[in-house]
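**Student:** Here's the letter readout for the chains.
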Amino acid sequence: DAGVIQSPRHEVTEMGQEVTLRCKPISGHDYLFWYRQTMMRGLELLIYFNNNVPIDDSGMPEDRFSAKMPNASFSTLKIQPSEPRDSAVYFCASSSETGANVLTFGAGSRLTVL
Amino acid sequence: GQQVMQIPQYQHVQEGEDFTTYCNSSTTLSNIQWYKQRPGGHPVFLIQLVKSGEVKKQKRLTFQFGEAKKNSSLHITATQTTDVGTYFCAGLRNFNKFYFGSGTKLNVKP
Numbered sequence: 001d002a003g004v005i006q007s008p009r010h011e012v013t014e015m016g017q018e019v020t021l022r023c024k025p026i027s028g029h030d031y032l033f034w035y036r037q038t039m040m041r042g043l044e045l046l047i048y049f050n051n052n053v054p055i056d057d058s059g060m061p062e063d064r065f066s067a068k069m070p071n072a073s074f075s076t077l078k079i080q081p082s083e084p085r086d087s088a089v090y091f092c093a094s095s096s097e098t099g100a101n102v103l104t105f106g107a108g109s110r111l112t113v114l
Numbered sequence: 001g002q003q004v005m006q007i008p009q010y011q012h013v014q015e016g017e018d019f020t021t022y023c024n025s026s027t028t029l030s031n032i033q034w035y036k037q038r039p040g041g042h043p044v045f046l047i048q049l050v051k052s053g054e055v056k057k058q059k060r061l062t063f064q065f066g067e068a069k070k071n072s073s074l075h076i077t078a079t080q081t082t083d084v085g086t087y088f089c090a091g092l093r094n095f096n097k098f099y100f101g102s103g104t105k106l107n108v109k110p
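Protein chains in written order, with the numbering used here: chain B, 1 to 114; chain L, 1 to 110.
Incorrect hints may appear among the rest.
[To be verified] So the derived label-pair ranges between C-beta atoms look like this:
(1) B:Glu18 x L:Gly16: 23 to 33 Å
(2) B:Gln80 x L:Ala68: 20 to 30 Å
(3) B:Pro70 x L:Gly16: 45 to 55 Å
(4) B:Glu18 x L:Glu15: 40 to 50 Å
(5) B:Gln80 x L:Glu15: 46 to 56 Å
(6) L:Thr81 x B:Gly59: 33 to 43 Å
(7) B:Met39 x L:Thr81: 19 to 29 Å
(8) B:Ser96 x L:Thr28: 16 to 26 Å
[Unchecked claim] Sample of chain L residues lacking proximity to chain B, with all beta carbon distances greater than 10 Å (derived):
(9) Pro8
(10) Tyr10
(11) Gln14
(12) Tyr22
(13) Lys57
(14) Ser73
(15) Gln80
(16) Lys97
If you're looking for bench data, these hints aren't it; they were derived computationally from the structure. Note that the Cβ used here is the ideal one computed from N, Cα and C, for glycine as well.
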């Protein structure tokens with residue numbers, strides 16, 4: 001398995017633009033998580049899905065953030081409109097209960113909003 | 001708010017010295033996991049502790065889970081430059097929601 005695949009790896013955009021981050025979880029994993037990492041706030045859980053259904057989105061900062069999982073092999077995190085304070089590394093991770101809930105992280109998407 | 005506290009925030013050691021990071025939760029955890037993130041990399045799973053008072057070893061790394069399942073520690077004996085990175089604990093309280101600690105950044109001077 002190629003692991004959790006995220007794209008893009010780096011994105012630089014201007015304030016007000018829409019940003020879409022993508023994630024392909026490990027095949028067979030039924031949980032998918034979106035985390036945001038910054039120096040100030042560390043690793044924050046934004047939202048997680050179980051079997052493609054959002055379970056807990058209490059970490060989503062505000063309405064500008066939305067996440068979808070249309071099928072078991074794909075998820076998106078969208079920011080519209082983006083702001084400079086959204087600059088961070090966004091990680092996608094997946095896990096399965098049969099795998100003892102171990103999180104496998106993707107390489108991350110580094111977002112810079114100017 | 002922060003659910004799991006981790007100390008210290010930074011640790012600089014000379015190669016060969018020992019290193020310990022501590023993780024504390026205000027509530028009882030179902031289990032705890034430890035991850036390592038190399039500079040510029042992503043968190044990678046190290047180990048999971050489930051039982052009260054559990055101790056596990058991986059070569060020079062020793063992991064402990066407190067009797068009350070509210071705290072945990074990671075101890076590295078005789079650090080090497082390959083140990084450089086940030087070590088995170090992640091506590092599971094319910095379902096699959098893991099609360100990550102703030103991490104301890106370890107720097108090892110050769």
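**Student:** Look at each hint and say if it fits the structure.
**Tutor:** The hints, checked one at a time:
Take Glu18 (chain B) and Gly16 (chain L): their Cβ atoms lie about 51 Å apart, and the range 23 to 33 Å is violated. Judged by the Cβ atoms, the range 20 to 30 Å given for Gln80 (chain B) and Ala68 (chain L) is violated: they are separated by roughly 44 Å. In this structure, Pro70 (chain B) and Gly16 (chain L) meet the distance hint of 45 to 55 Å, their C-beta atoms being roughly 52 Å apart. Distance hint for Glu18 (chain B) and Glu15 (chain L): a CB-CB separation of about 47 Å, consistent with the stated range 40 to 50 Å.
A beta carbon spacing of about 48 Å between Gln80 (chain B) and Glu15 (chain L) agrees with the range 46 to 56 Å that was offered as a hint. A hinted range of 33 to 43 Å holds for the C-beta pair Thr81 (chain L) and Gly59 (chain B), which are about 35 Å apart. For the hinted restraint 19 to 29 Å between Met39 (chain B) and Thr81 (chain L), the CB-CB distance of approximately 23 Å keeps it satisfied. Checked against the given bound of 16 to 26 Å, the beta carbons of Ser96 (chain B) and Thr28 (chain L), roughly 24 Å apart, stay inside it.
For Pro8 (chain L), the shortest C-beta to C-beta distance to chain B comes to about 14 Å, beyond the 10 Å cut-off, and the non-interface label holds. The Cβ of Tyr10 (chain L) lies farther than 10 Å from every Cβ of chain B, with a closest approach of about 12 Å, so its non-interface assignment holds. Against chain B, the non-interface label of Gln14 (chain L) holds: every CB pair exceeds 10 Å, the least being about 26 Å. The claim that Tyr22 (chain L) is not at the interface with chain B holds, since no C-beta of that chain comes within 10 Å of its own (minimum 16 Å).
With a closest Cβ-Cβ approach of about 18 Å to chain B, Lys57 (chain L) is found to remain outside the 10 Å limit, as its non-interface label requires. The claim that Ser73 (chain L) lies off the interface holds: its Cβ sits roughly 19 Å from the closest Cβ of chain B, which is beyond the 10 Å cut-off. A cut-off of 10 Å between C-beta atoms confirms that Gln80 (chain L) is not in contact with chain B; the least separation is 23 Å. With a cut of 10 Å on Cβ distances, Lys97 (chain L) falls inside the contact zone with chain B, its closest approach being about 6 Å.
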